[in-house]
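Q: Spelled out, the chains give:
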Amino acid sequence: MRAWIPHLLRAALLVVLIAFLVSPSWFDPLLKPLVQDNAPAIYNQGSLLTLTLLHLRTVAIATTGAIIVAVTLAILVTRSFGAEFLPLSRSLVNVGQTFPPVAVLALAVPILGFGEKPTLVALFLYGLLPIFENTLTGLTTLPPSVMEAARGSGMTDRQRLFKVELPLAMPVILAGIRLSVVISLATATIGSTVAAKTLGEVIIAGLQSNNIAFVLQGGLIVGALAVLIYDGFSAIERVMARRAGLAARS
Amino acid sequence: MIEIDGITKRYDGITVVNNVSMTIEPRTVTVIVGTSGSGKTTLLRMINRLVEPTAGAIRLDGDDNRSMPGFELRRRIGYAIQGHGLFPHRTVAQNIATVPVLLGWNKARIDAKVTELLTLFQLDPAAFANRFPHELSGGQQQRVGVARALAAEPNVLLMDEPFGALDPIIRAKAQADLLAIQRLLGTTIVLVTHDMDEAFHLAHKIAVMDKGALVQYGRPAELVKDPATAFVQTLIGTSERPFRLLSIETAGDAVEPGPAEGQPLAETVSQRDALSELLWSGRAALPVAATDGTILGRVTLEGLTRRAAKPQ
Ligand SMILES: Nc1ncnc2c1ncn2[C@@H]1O[C@H](COP(=O)(O)OP(=O)(O)OP(=O)(O)O)[C@@H](O)[C@H]1O
Ligand SMILES: [Mg+2]
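Order-wise, the sequence lines are chains V and U.
Residue numbers for the first sequence follow my numbering, beginning at 2 and rising by one.
Residue numbers for the second sequence follow my numbering, beginning at 7 and rising by one.
Okay, chain V solo, but in the shape it has when bound (with noise of 0.2 Å):
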């Protein structure tokens, strides 16, 4: 019976948000209150729908970008001739990670100019370190029983890898790329700073026109994408591991 009420939850949440996508206007009246007398309640200075595809979608570019380096890399470091450069892959994907987004953009502008291109070169760099992590994680703690059965039963490396390496490391995989694509819906906000269309322009609208309705209905958009795709990935991740015989003991 519980079990019942997350999904439900989920439902309504994806209900609302394509309704208020879809058409804001019967969302006027509540958003009303906390609007000045004349200031509009709904953005207004383009489609919420057509905005929150282009910020998808510069999500999805960046964050396709980051699982093809990321997993690439921890596959090359994880092999017995890539193998020295794991500390030095380790260390460039981390500095990825601590440098801030803003000034990914402010040095990205002057060469890429303004416009989506910078926003992707940030999102791609602050996106690369949960999943290299992760995969790193799910190739090196395979089960040793397993592994040596893939040698002895005459398995190439190529094989080994696809047949029974990325499977079983898919659900920790999944999980990197899930921290990745919740991290980067929020940041790709930032991105509207340079210009960018994302979210992040109904909020700078709203806190350059002092409405706090805008910055509201931006930020809980991109809160409800980032919710449901959170939990979207998580039933992806449960349905593998369960397939992957992983965590089928409980």
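Among the hints, erroneous ones may be present.
To be verified - Pair by pair, the computed Cβ-Cβ distance ranges are:
(1) V/159 <-> U/118: 20 to 30 Å
(2) V/14 <-> U/137: 29 to 39 Å
(3) V/14 <-> U/117: 41 to 51 Å
(4) U/76 <-> V/69: 47 to 57 Å
(5) V/159 <-> U/7: 54 to 64 Å
Said to hold, decoys possible - Here are some chain U residues pointing at chain V (derived, C-beta under 10 Å):
(6) 12
(7) 16
(8) 17
(9) 20
(10) 76
(11) 78
(12) 79
(13) 85
(14) 89
(15) 91
(16) 127
(17) 155
(18) 158
(19) 162
(20) 288
(21) 300
Just so you know, the hints here were simulated from the structure itself, not pulled from any lab data.
We put the CB at the ideal spot given by N, CA and C, even for glycine.
With chain V held as given, fit chain U with the ligands onto it using these hints.
A: Below, chain U with the ligands without anything else, positioned relative to chain V:
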């Protein structure tokens, strides 16, 4: 035939297998025993080149095992390990099919082989083929592990403490099954164990390793009769000697003509178990029956006592 010829393995200057030479006859069971760290696993893994030797050579039916890539060699040699190492994300059928798939067998042949092996290991294919390893008991997992090792019909099966994690009852059953399957398929088995009872029960020949060296290699009775070193003596256990001798052969091998009263013994039980049965029932003789129930003769306390005595 496996010819191990002057094999040495050193790690960072430390010798863990020292100049071991031995010849393993085809279709026999060879058991490697020795204390922990004596190099048993390392020796075994050099046969399928999971470990490359520092010196020496290993030949399989006359061919150096380095004459082909390691992964190809390993597809031809069965390998079963303690804790089975089943792939948790693959079903029982997929696990068993591992090497046949690598070898590119067609689906019909693979399916037939999986069904055959599951049946051989007394696992109903309909019930077990599509289960995942975590849905099996430890004993069933272990059987699937051995089935997987045998799937590509290897001539040679290497086993590293395959029954180490099983409880005594399941282990006895697994040993009996292994012997039956070995006789059926004619596989050459090299098995590592810590358990001397297991060694005497399974082995045609026993290899004793001590600090990386092969200190004795011979038939079980030879080890009891003429232990090469004090270490072998200790391993066998002085007070165990008569029982070790009896555990090598079966009641069927000790049958004498003549009548006897009481519940017949199966001809396949070891003479040690037959002796135990005689002592417990308080009788001087018991009948021995073949698997079809016909009485072959009897075993006697006197006969077994003679067999348990120090060989002349
Ligand atoms: N890859 C390795 N690098 C360094 N030393 C190793 C390596 N593999 C094994 N050794 C050492 O070689 C020795 C023999 O190991 P091995 O695993 O062959 O022993 P074993 O007889 O199988 O022991 P056990 O009965 O405990 O399984 C041990 O001292 C071990 O520490
Ligand atoms: Mg060992």
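Q: Is the hinted range of 54 to 64 Å satisfied by the C-beta distance from residue 159 of chain V to residue 7 of chain U?
A: 33 Å, violated
Q: Hold the hint about residue 158 of chain U up to the distance rule: shortest CB distance to chain V must be less than 10 Å.
A: Where the cut-off is 10 Å and the nearest Cβ of chain V is about 9 Å from residue 158 of chain U, the hint holds.
Q: Does residue 155 of chain U meet its interface restraint, that is, does its C-beta lie within less than 10 Å of any C-beta in chain V?
A: Holds. Min distance 8 Å.
Q: Holds or violated: is there a CB of chain V closer than 10 Å to the CB of residue 288 of chain U?
A: 47 Å, violated
Q: So, residue 16 of chain U near chain V? Judge it on the closest CB pair being under 10 Å.
A: Hint violated; residue 16 of chain U Cβ to chain V Cβ min 20 Å, cut 10 Å.
Q: Checking hints one by one. Is residue 91 of chain U an interface residue toward chain V, by the C-beta closer than 10 Å rule?
A: Residue 91 of chain U check passes; min Cβ-Cβ to chain V is 3 Å, inside 10 Å.
Q: Just to be careful: measuring from the Cβ of residue 17 of chain U to every Cβ in chain V, is the smallest value less than 10 Å?
A: 16 Å, violated
Q: Measuring from the C-beta of residue 20 of chain U to each C-beta in chain V, is the shortest one below 10 Å?
A: At about 21 Å, which exceeds the 10 Å cut-off, the nearest Cβ of chain V leaves the hint on residue 20 of chain U violated.
Q: Lying within 41 to 51 Å: is that true of the beta-carbon distance residue 14 of chain V to residue 117 of chain U?
A: 47 Å, holds
Q: Using 10 Å as the Cβ threshold, decide whether residue 78 of chain U counts as touching chain V.
A: 7 Å, holds
Q: Taking 10 Å as the limit, does the beta-carbon of residue 89 of chain U come near enough to a beta-carbon in chain V?
A: For residue 89 of chain U, the interface hint holds, since the closest Cβ of chain V sits about 4 Å away, which is under 10 Å.
Q: Given residue 76 of chain U was flagged as interface, is its beta-carbon under 10 Å from a beta-carbon of chain V?
A: 8 Å, holds
Checked against the numbered hints above, the structure breaks hints 4, 5, 6, 7, 8, 9, 16, 19, 20, 21 and satisfies the rest.
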